[in-house]
Amino acid sequence: MLKQIEGSKAVAEAVALCRPEVICAYPISPQTHIVEGLGEMVKSGELTPCEFINVESEFAAMSVAIGSSAAGARSYTATASQGLLFMVEAVYNAAGLGLPIVMTVANRAIGAPINIWNDHSDSLSQRDSGWMQLFAETNQEAVDLHIQAFKLAEELSMPIMVCMDGFILTHAFERVDIPTQEQVDGYLPPFDPRQSLDPKEPISIGAMVGPEAFMEVKYLAHAKQMQALELIPQLAAEFKQQFGRDSGGLVRTYRADDAETMIVAMGSVLGTVKDTVDELREQGHKIGVLGIISYRPFPLKEVRAALVNCKRFVVLEKSLAVGMGGIVATDVRMAVSGTGLKGFTAIAGLGGRNITKASLHKLFLEAEQEKLEPVTFVDLDWDVVNKQLERERQNRHSGPIAENILFDKGMSTSAKFG
Amino acid sequence: MFQIRVHGRGGQGVVTATEMLSVAAFEEGRHAQAFPSFGSERTGAPVVAFCRLDDKEIRLREPIMEPDALIIQDPTLLHQIDVFSGLKPDGYVLLNSAHSFEQIGLGELVKQRGHARMCTLPATELGLKHVGRPIPNVPLIAGFAALSGMFKLESVVKAINEKFSGKVAAGNIAAATEAYALVKKQMEERAHA
Numbered sequence: 001m002l003k004q005i006e007g008s009k010a011v012a013e014a015v016a017l018c019r020p021e022v023i024c025a026y027p028i029s030p031q032t033h034i035v036e037g038l039g040e041m042v043k044s045g046e047l048t049p050c051e052f053i054n055v056e057s058e059f060a061a062m063s064v065a066i067g068s069s070a071a072g073a074r075s076y077t078a079t080a081s082q083g084l085l086f087m088v089e090a091v092y093n094a095a096g097l098g099l100p101i102v103m104t105v106a107n108r109a110i111g112a113p114i115n116i117w118n119d120h121s122d123s124l125s126q127r128d129s130g131w132m133q134l135f136a137e138t139n140q141e142a143v144d145l146h147i148q149a150f151k152l153a154e155e156l157s158m159p160i161m162v163c164m165d166g167f168i169l170t171h172a173f174e175r176v177d178i179p180t181q182e183q184v185d186g187y188l189p190p191f192d193p194r195q196s197l198d199p200k201e202p203i204s205i206g207a208m209v210g211p212e213a214f215m216e217v218k219y220l221a222h223a224k225q226m227q228a229l230e231l232i233p234q235l236a237a238e239f240k241q242q243f244g245r246d247s248g249g250l251v252r253t254y255r256a257d258d259a260e261t262m263i264v265a266m267g268s269v270l271g272t273v274k275d276t277v278d279e280l281r282e283q284g285h286k287i288g289v290l291g292i293i294s295y296r297p298f299p300l301k302e303v304r305a306a307l308v309n310c311k312r313f314v315v316l317e318k319s320l321a322v323g324m325g326g327i328v329a330t331d332v333r334m335a336v337s338g339t340g341l342k343g344f345t346a347i348a349g350l351g352g353r354n355i356t357k358a359s360l361h362k363l364f365l366e367a368e369q370e371k372l373e374p375v376t377f378v379d380l381d382w383d384v385v386n387k388q389l390e391r392e393r394q395n396r397h398s399g400p401i402a403e404n405i406l407f408d409k410g411m412s413t414s415a416k417f418g
Numbered sequence: 001m002f003q004i005r006v007h008g009r010g011g012q013g014v015v016t017a018t019e020m021l022s023v024a025a026f027e028e029g030r031h032a033q034a035f036p037s038f039g040s041e042r043t044g045a046p047v048v049a050f051c052r053l054d055d056k057e058i059r060l061r062e063p064i065m066e067p068d069a070l071i072i073q074d075p076t077l078l079h080q081i082d083v084f085s086g087l088k089p090d091g092y093v094l095l096n097s098a099h100s101f102e103q104i105g106l107g108e109l110v111k112q113r114g115h116a117r118m119c120t121l122p123a124t125e126l127g128l129k130h131v132g133r134p135i136p137n138v139p140l141i142a143g144f145a146a147l148s149g150m151f152k153l154e155s156v157v158k159a160i161n162e163k164f165s166g167k168v169a170a171g172n173i174a175a176a177t178e179a180y181a182l183v184k185k186q187m188e189e190r191a192h193a
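These protein sequence lines map, in sequence, to chains C and X.
Just so you know, we're using this note's numbering here: the first sequence kicks off at 1 and counts up by one.
Just so you know, we're using this note's numbering here: the second sequence kicks off at 1 and counts up by one.
Just chain X, same shape as in the assembly (with noise of 0.2 Å):
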């Protein structure tokens, strides 16, 4: 089993985030499920979702407590609750931010974990750019795909034709597949330094 907890505020489309990656896993044929933490939401305040992934069906309902990867939407999050609570050594991260972890001041972190499964994305200009709206959600799932390799870039194509259509599917199409891209290079950019 591989779980994913996915960190944001009220607003930025955490829960739908995690449907959406339950989405492209099912669209590989893999069973996943989704589920919020089911608070009393509120724009703006912290808000946690799961997506847990594997080949059988999942029985389990407690709250993912040792991911095997973090999507953090908001870096703000970072001096107000603890997201990397119960990480695993090897779990992957993906930030929403167009600094650097070093820049952020995490660089202690990345020295503990290495480089090779953490990530920062410019989610939310990426949601500007491409829908108009500062939402890293869209953007943050096509990154995550590209950092974990866990799904193709179609299948995360599939689900935001699920959700959405028209232009905002367009525009959700473009923001996923740049953010795939700027990943990938991030990514390679590494494995070559």
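Just chain C, with the same shape it has in the complex (with noise of 0.2 Å):
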């Protein structure tokens, strides 16, 4: 059903559709307005059977629902930025254990300083936890990648965050269509754990385990994402079938036919990429978008096919690897590794920091003539910049840089619209 709707409502719909048996959470921006959402459906009996838990951290929320997956429970939670952070080490336990559990993760960035704003550090600090991560487009997407997500992780018995962009995705209204209890039901079949606690069948779930298996074990956790790289577009193509549209898969292509230069993106910012190319399109300029969806696993071959054809490429991503550059862009410089293709990276978007088509217009056109550097940052207020640095040569007392900073923006960002 058409609905006109803000994405956590929305998103929270489709969880509730998927029939958790958990949901444990603990509140923080902007993920709060899902699960509150569900909350209010466990209370109000609409989302049966299911128990709503409410935790003390993240790290709570984590382990609740390592202790309710192996129990042989739906299980899901959601979260983002300083709680993801905060739930790191049950993170990781669920994975090694290989517990099916959903998270949405609504992508913020990370402190310090604090920020309550959208970029994608979150996620992507876990991208070596054995997670699997999905990237949403769009809200339609983020609720089908939810419904996607359940039946990939219970067919390998491992964890998996469906990413949306927090604040962009999460509170925008916009149009969903929100599938039936019945189409869900034909493609989500219940949870049958290939693992699970029974007091009747006593088994330990956790074993310690040491250097005559443990690289076996952590192989096993790789090859199923390798196993995920063949089972996502299968999932993507019968999703298709029972509800009629494309949603999902590993990766996406946009005007990529013969272009010249392509860009590389993940999530929502990836309309305002559509937008730009079809602009710069019909200015004659031969330029397209390669969307990745499945961030982990990484779709090395699609990747690489989706590149070979061009002349060049920029990876604009919502992240920064301190002391190195682009996180994805190390990736997609793998999967094109002996190409010879020129590939630049572009930091974008960092703490909510607004990605405008004009700011894009500029540099989609710098990288088609190959002007940029091998890592930009788009938008980077360099006056700012070097007035700290000049300060810190000046003065070995300078004293706390976002401090400075702030000070020397004055409130000329806030004073424009508050």
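Derived from the structure by calculation, the hints contain no laboratory data.
C-beta atoms are modelled at their ideal positions from N, C-alpha and C, and glycine is treated no differently.
Among the clues, some could well be false.
As the list claims (entries may be wrong) - Cβ-Cβ distance ranges computed for the label pairs, FRET-style:
no.: 1; chain 1: C; residue 1: Q242; chain 2: X; residue 2: G86; range: 40 to 46 Å
no.: 2; chain 1: X; residue 1: M1; chain 2: C; residue 2: E46; range: 35 to 41 Å
no.: 3; chain 1: C; residue 1: E51; chain 2: X; residue 2: G86; range: 48 to 54 Å
no.: 4; chain 1: X; residue 1: E189; chain 2: C; residue 2: A112; range: 55 to 61 Å
no.: 5; chain 1: C; residue 1: G244; chain 2: X; residue 2: L109; range: 48 to 54 Å
no.: 6; chain 1: X; residue 1: V110; chain 2: C; residue 2: E36; range: 42 to 48 Å
no.: 7; chain 1: X; residue 1: V110; chain 2: C; residue 2: P113; range: 40 to 46 Å
Starting from the two chains in their separate frames, assemble the complex, guided by the hints.
Okay, structure coming up:
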């Protein structure tokens, strides 16, 4: 049914249609509306049988999800930013134990400086945790990916994060087609766990493993993600059959056929990228887009195939590997190694910095002329950066950086719109 | 694409206003995207929210920097921030005030832009009268429907019924209906002036 609905509310409805049996949650912006929505549905009896557990921290949220999933219950939680970091030890355990938990990450920057706005630093910090990570471009895709995620997780007995841009998607009202219970039931079978704790047939889950077997267990986690590379496109095809729309898959291209310059990105910024590319195409520029939906597993083969015929590419990413450059860009470059393709990294949108069409126009044209630095910081205020660097050269006791920069910026930014 | 920017203060239902505008547009079969400016909202602090309308899917995710229409929920913002920033030359302006633009010192702006797309509306008073709270958002949405002709009043009523129920919905519908009539009347008077 078509609805004009907030992204978080739409995801809450989609998760409820997947019949989770345990939801444990701790509030953190910008994820809160999702679990609030689910909490209301459990309380009203709309979502039953389901236990909604208020926990005392994110660490407890993931620990409870591990327990309930190990007991054979379909388990769900959601978090963001510092919340995800606080649960990290349990995040790795969930993957190491092979428990098919589904978690929404409403992507948000990591402090310090504390910042509630969107970028991809939080879930990308967990790229090696063993969790799969799928990135939604729109709220429709966020809805659809959750439905696919439960199936994917349970088929492989591995956990998965569905990543959606905090605020930009979670707090946006837009048109979303919410499927019926019958449609979802026809796609997603009841949870049939590969392992479960049952007092009648006692087993243990979580043995200590020494050097004799640790590598094999870890390798199998990798092998499962390699299986996911096969399974994700298959589940997207089945999804299309059942729901009638394209959603999910590993990667998606746009106007890429004869493109000489390709823009690679993940998440909601793809919309602004596509609008910019349309305008540049009208002016005769041969430019196209590669959207990455599956960040983990990373689809090396598909990324290579999508880029191999272009002349150059830009990875536009909302993340920064401090001391290195791009995070997604590193994987993309690995995918095209040996092709001799020219690749650029563009870091944009950190901590919620707006990514505008005007900035993208400039960036893409510079990329086309191969005038970009290997790593570009889009819309970075160099005056402010240089002023602070100079301050540090002049004064041994130059003080805290964030406070200095806020002082230098004055209230000029906030004075515009508050 | 038609882009609306709503300015107000925390507690005035700015974000709700854009959400309801998007619902009204959806009720008329259009694509709509509403989103807030994502600040750490506090009661009384300046807040801005956005609504885009189009006949096709809206993919753009940047904030609205060159709006086709402005709804200003609090006239005191005029002294604090540049609410008119980027407004298109033929853009609509709907301001919450019981006074005219001339009375609050914006006579020059009206001279530049002309009367046809500018209107003030005592929205806070309408909220107090019909809902018992000084929340101007619903009267302003209905007033904007009248000013721009972009929505039918009945679509605004549908959006109200989706958001509220019982007495609150009824009060808001009464406020919206009066706001719509007030703006229509102003526009007709000007057309004949």
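Status of the hints after comparison with the structure:
no. : hint                         : result
1   : C:Q242 to X:G86: 40 to 46 Å  : holds, 44 Å
2   : X:M1 to C:E46: 35 to 41 Å    : holds, 36 Å
3   : C:E51 to X:G86: 48 to 54 Å   : holds, 50 Å
4   : X:E189 to C:A112: 55 to 61 Å : holds, 57 Å
5   : C:G244 to X:L109: 48 to 54 Å : holds, 50 Å
6   : X:V110 to C:E36: 42 to 48 Å  : holds, 44 Å
7   : X:V110 to C:P113: 40 to 46 Å : holds, 43 Å
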